[in-house]
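A.B. asks: Dock chain B against chain A, hints included.
Listed in order, the protein sequences are those of chains A and B.
Reminder that position 73 of the first sequence reads as 72 in numbering that gives the first Met the number 0, one-by-one numbering, no gaps.
Reminder that position 375 of the second sequence reads as 374 in numbering that gives the first Met the number 0, one-by-one numbering, no gaps.
Since the hints were made in silico from the structure, they are not lab data.
Hints are supplied without guarantee of correctness; some may be wrong.
[As the list claims (entries may be wrong)] Computed, partial: chain A to chain B, Cβ under 8 Å:
hint : residue
1    : K68
2    : F72
3    : I153
4    : E240
5    : S257
6    : N260
7    : Y265
8    : I276
9    : F286
10   : E287
11   : T288
[To be verified] Calculated pairs, PhoX-like style, for lysine-lysine (alpha carbon to alpha carbon, straight line, at most 20 Å):
hint : chain 1 : residue 1 : chain 2 : residue 2
12   : B       : K196      : B       : K183
13   : A       : K39       : A       : K58
14   : B       : K65       : B       : K35
15   : A       : K300      : A       : K274
16   : B       : K49       : B       : K26
17   : A       : K26       : A       : K58
18   : A       : K306      : A       : K130
19   : A       : K282      : B       : K300
20   : A       : K85       : A       : K112
21   : A       : K274      : A       : K192
22   : B       : K369      : B       : K328
23   : B       : K280      : A       : K162
24   : A       : K330      : A       : K175
25   : B       : K300      : B       : K280
26   : A       : K162      : B       : K282
27   : A       : K38       : A       : K85
28   : B       : K38       : B       : K58
29   : A       : K112      : A       : K51
30   : B       : K274      : A       : K158
31   : A       : K154      : B       : K158
32   : A       : K130      : A       : K350
33   : A       : K108      : A       : K98
34   : B       : K110      : B       : K133
35   : A       : K183      : A       : K195
36   : B       : K158      : A       : K274
37   : A       : K58       : A       : K36
38   : B       : K162      : B       : K369
39   : B       : K85       : B       : K112
40   : A       : K162      : B       : K274
Quick reminder that beta carbons are idealized off the backbone N, C-alpha and C, glycines included.
2 protein chains.
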Amino acid sequence: MKNVIIYGSTGTIGQNALEVISRQKEKFNVLCLACKKNKKLLVKQIEEFKPKYAYLEEKDENLERKYKKIKFFFGEQGLIEIANLKEGDFYIFAIPGIKTLPAFIECIKNKKKVALATKEILVAGGEIIEKMRKDYYFEILPIDSEHNAIFQIIKYENKNLRKIYLTTSGGPLYRKRKKNINIKEALTHPVWKMGKKITVDSATMMNKAFEIIEAHYLFSLNENQIDVVIHPEAIIHGIVEFIDGTSKFVGFIPDMKSPINYVLNYPERVNSGLKYIDFGKIKRLNFETVNQNAKWLNFAKEAIRRKGSHPVVLNGANERAVEYFLEEKIKFQDILKYVEKVVQSHQYKEKLNIEDIFYYHNWARNQIEKIVGGQK
Amino acid sequence: MKNVIIYGSTGTIGQNALEVISRQKEKFNVLCLACKKNKKLLVKQIEEFKPKYAYLEEKDENLERKYKKIKFFFGEQGLIEIANLKEGDFYIFAIPGIKTLPAFIECIKNKKKVALATKEILVAGGEIIEKMRKDYYFEILPIDSEHNAIFQIIKYENKNLRKIYLTTSGGPLYRKRKKNINIKEALTHPVWKMGKKITVDSATMMNKAFEIIEAHYLFSLNENQIDVVIHPEAIIHGIVEFIDGTSKFVGFIPDMKSPINYVLNYPERVNSGLKYIDFGKIKRLNFETVNQNAKWLNFAKEAIRRKGSHPVVLNGANERAVEYFLEEKIKFQDILKYVEKVVQSHQYKEKLNIEDIFYYHNWARNQIEKIVGGQK
Numbered sequence: 000m001k002n003v004i005i006y007g008s009t010g011t012i013g014q015n016a017l018e019v020i021s022r023q024k025e026k027f028n029v030l031c032l033a034c035k036k037n038k039k040l041l042v043k044q045i046e047e048f049k050p051k052y053a054y055l056e057e058k059d060e061n062l063e064r065k066y067k068k069i070k071f072f073f074g075e076q077g078l079i080e081i082a083n084l085k086e087g088d089f090y091i092f093a094i095p096g097i098k099t100l101p102a103f104i105e106c107i108k109n110k111k112k113v114a115l116a117t118k119e120i121l122v123a124g125g126e127i128i129e130k131m132r133k134d135y136y137f138e139i140l141p142i143d144s145e146h147n148a149i150f151q152i153i154k155y156e157n158k159n160l161r162k163i164y165l166t167t168s169g170g171p172l173y174r175k176r177k178k179n180i181n182i183k184e185a186l187t188h189p190v191w192k193m194g195k196k197i198t199v200d201s202a203t204m205m206n207k208a209f210e211i212i213e214a215h216y217l218f219s220l221n222e223n224q225i226d227v228v229i230h231p232e233a234i235i236h237g238i239v240e241f242i243d244g245t246s247k248f249v250g251f252i253p254d255m256k257s258p259i260n261y262v263l264n265y266p267e268r269v270n271s272g273l274k275y276i277d278f279g280k281i282k283r284l285n286f287e288t289v290n291q292n293a294k295w296l297n298f299a300k301e302a303i304r305r306k307g308s309h310p311v312v313l314n315g316a317n318e319r320a321v322e323y324f325l326e327e328k329i330k331f332q333d334i335l336k337y338v339e340k341v342v343q344s345h346q347y348k349e350k351l352n353i354e355d356i357f358y359y360h361n362w363a364r365n366q367i368e369k370i371v372g373g374q375k
Numbered sequence: 000m001k002n003v004i005i006y007g008s009t010g011t012i013g014q015n016a017l018e019v020i021s022r023q024k025e026k027f028n029v030l031c032l033a034c035k036k037n038k039k040l041l042v043k044q045i046e047e048f049k050p051k052y053a054y055l056e057e058k059d060e061n062l063e064r065k066y067k068k069i070k071f072f073f074g075e076q077g078l079i080e081i082a083n084l085k086e087g088d089f090y091i092f093a094i095p096g097i098k099t100l101p102a103f104i105e106c107i108k109n110k111k112k113v114a115l116a117t118k119e120i121l122v123a124g125g126e127i128i129e130k131m132r133k134d135y136y137f138e139i140l141p142i143d144s145e146h147n148a149i150f151q152i153i154k155y156e157n158k159n160l161r162k163i164y165l166t167t168s169g170g171p172l173y174r175k176r177k178k179n180i181n182i183k184e185a186l187t188h189p190v191w192k193m194g195k196k197i198t199v200d201s202a203t204m205m206n207k208a209f210e211i212i213e214a215h216y217l218f219s220l221n222e223n224q225i226d227v228v229i230h231p232e233a234i235i236h237g238i239v240e241f242i243d244g245t246s247k248f249v250g251f252i253p254d255m256k257s258p259i260n261y262v263l264n265y266p267e268r269v270n271s272g273l274k275y276i277d278f279g280k281i282k283r284l285n286f287e288t289v290n291q292n293a294k295w296l297n298f299a300k301e302a303i304r305r306k307g308s309h310p311v312v313l314n315g316a317n318e319r320a321v322e323y324f325l326e327e328k329i330k331f332q333d334i335l336k337y338v339e340k341v342v343q344s345h346q347y348k349e350k351l352n353i354e355d356i357f358y359y360h361n362w363a364r365n366q367i368e369k370i371v372g373g374q375k
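Pulled out of the complex, with its shape left as it was, chain A reads as follows (with noise of 0.2 Å):
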């Protein structure tokens, strides 16, 4: 029986990983639940999966009361505190942004199995994550669709790599040649159901530009082995090239149902009810190259190149700026305008701890607040 706690539970991944655990229930107990502020779905998990603890940002007493038996944790120290629960296996990080990330450094100390959903963990904290290596052993066991499938190939076989493809489905806007996108065009995914802010990111393509710098840190690759290949069907979700031309492909439903039931077994494989591809629907698998030249692919290989404060500000720009478009404060077309501007001007700083990564994060969102500020 593993106790698996989940940062995120009412979000898209908490939930789909909620179901896979209902389905095996004699392996898994949810231990804690962990959302920001959505009472209302947070209830309902606590009936249904029974967990001794409860996490909200702000404390609530009602719900204290409400649920005697439930330890509740609140603010940033309650995200440490389950961390540090001992009961606690398996940690599953799928809250956006890079406020679990003590709590995810917390878990690499204490020596916990982590399942990764949030990659600005890595984007912003990849190099402090990266050099405790030297003093623990950890595995990061990746959620992201393209990660996980690219995970599944690297665990068995590392060497003689030449490059790996994260595939994406384009995005929102593929195949889109308008100018003005406007909230509802950039939150219609063709394939995935998932977030606000992640969806817009895929409609900027800046979502794969977090994940190009998450491989880097999840698999030791440099930028130039880290590729891109359009692939709408979302079948196939991650590549792996070997320096003798062969490839290896992972596919699966496009259901994040999949690679969480993975990270939840591993290394076991169960079947938990997921739909086989089935060649007599699928018929056919487009591939389409990326722009080499696009400004997120660019800002991926950049934050590669150069680490330190780069990625952190990358990252907190970006936040800033898609939380603005969906006020409808800004345009679609001037999220990475503005993200850009802000990377540009930072000042650059190479090693970064923990309270650095923190300032450079609220000082890039600050950044891109001056600038709307002073559009008005």
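C.D. replies: Just chain B now, with coordinates in the frame of chain A:
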């Protein structure tokens, strides 16, 4: 330095193997070149690779006089003597038919490394070879692109398999609805340049039937775990589907040098100048299910279920029928019809020794001869 022996050096596999070796001369020494009768090409190969041994089916004193330093082997016994060469490290089996089955068995006994292109060895001798696992440890490295692909996955992950797919380009007659197929049509393969016999087998799909039987023995899978999918681009060669819904695909540009390079260097991978998959060029991979009631498919499944004399007769009858077709003595559509007749009429025997295999093989060939003779 590996001492390599090539049974079938003048065939397409043999020629490709020598090309791969010629690019990695520091690693491979051609110890023995064996061919049936293509003396002209053999002489050319001898001049280039200077083997210590050579083989022709029939004794040739001229060649022996010309190349005094080379020891020549001849006849059935010669094939076995080659398998007993002390210096022999790595044996490539690429002579069509079951002639080298005894040599293959001898190689296993002698603990030689074996790479297999001759699928008839497993189709007819699979049961005997399987039983040898009790007394000998051996690994058969498959050269057939489909089996090579599957091997590259199963080698690393062989648990929790649901099924495998062998891909087929569809063969020379894919999407041709014509009834009377002439030799030229049956010999025009859209992807692979191969010998005549195997190209006709691709047209009748019997090649795929034999590959299913081969896969059964190579990977210990039952007939329901081996499926076939049409994939005209021939980029993906094999697919392994796991019980959790995830599939791994292995792809490479259709060039037999790729699997040959793989087996020669196994378990390492070496860049020998083969092309990488270029998604800018490939753009699209098509897949199509096969008719699950096709005669060739049922031949394969029945052969796996029944074993014993059944697959031996299937292979022998098909071999002779294809020869007749190539001699323009029977029509294309008669090949499988006659094969079916012989398979159905034969007196089944369960346990065969090696002599029985040759007996049933020749019996099946004779039956085809009787049918064709009776036609006239």
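A.B. asks: Hint by hint, note whether the structure agrees.
C.D. replies: Cross-check of the supplied hints:
1. K68: violated (34 Å)
2. F72: violated (33 Å)
3. I153: violated (11 Å)
4. E240: Holds, about 6 Å.
5. S257: Check passed: Cβ of A:S257 comes within 6 Å of chain B, closer than 8 Å.
6. N260: Since the shortest Cβ distance to chain B is 6 Å, the answer is holds.
7. Y265: violated (10 Å)
8. I276: holds (5 Å)
9. F286: holds (4 Å)
10. E287: At 7 Å from the nearest chain B Cβ, A:E287 passes the 8 Å test, so the hint holds.
11. T288: With Cβ-Cβ at 5 Å, under 8 Å, it holds.
12. B:K196 / B:K183: holds (13 Å)
13. A:K39 / A:K58: It holds: about 15 Å lies between the C-alpha atoms, which stays within 20 Å.
14. B:K65 / B:K35: holds (18 Å)
15. A:K300 / A:K274: violated (36 Å)
16. B:K49 / B:K26: Holds: B:K49 and B:K26 sit about 15 Å apart, inside 20 Å.
17. A:K26 / A:K58: violated (31 Å)
18. A:K306 / A:K130: holds (13 Å)
19. A:K282 / B:K300: violated (25 Å)
20. A:K85 / A:K112: Holds, at about 13 Å.
21. A:K274 / A:K192: holds (17 Å)
22. B:K369 / B:K328: Distance of about 13 Å is within 20 Å: holds.
23. B:K280 / A:K162: holds (18 Å)
24. A:K330 / A:K175: holds (16 Å)
25. B:K300 / B:K280: Answer violated: B:K300 to B:K280 is near 37 Å, above 20 Å.
26. A:K162 / B:K282: holds (19 Å)
27. A:K38 / A:K85: violated (26 Å)
28. B:K38 / B:K58: holds (11 Å)
29. A:K112 / A:K51: Holds, at roughly 19 Å.
30. B:K274 / A:K158: holds (19 Å)
31. A:K154 / B:K158: With a Cα-Cα distance of about 15 Å, the restraint between A:K154 and B:K158 holds, given a limit of 20 Å.
32. A:K130 / A:K350: Given that 20 Å is the threshold and the Cα spacing comes to 11 Å, the pair holds.
33. A:K108 / A:K98: holds (17 Å)
34. B:K110 / B:K133: Answer holds: B:K110 to B:K133 is near 14 Å, not above 20 Å.
35. A:K183 / A:K195: With Cα atoms ~10 Å apart, A:K183 and A:K195 stay inside 20 Å; holds.
36. B:K158 / A:K274: Between B:K158 and A:K274 the Cα gap is close to 19 Å, so the pair holds against 20 Å.
37. A:K58 / A:K36: holds (10 Å)
38. B:K162 / B:K369: violated (40 Å)
39. B:K85 / B:K112: holds (13 Å)
40. A:K162 / B:K274: holds (14 Å)
In the structure shown, a violation is registered for the earlier hints numbered 1, 2, 3, 7, 15, 17, 19, 25, 27, 38, in ascending order.
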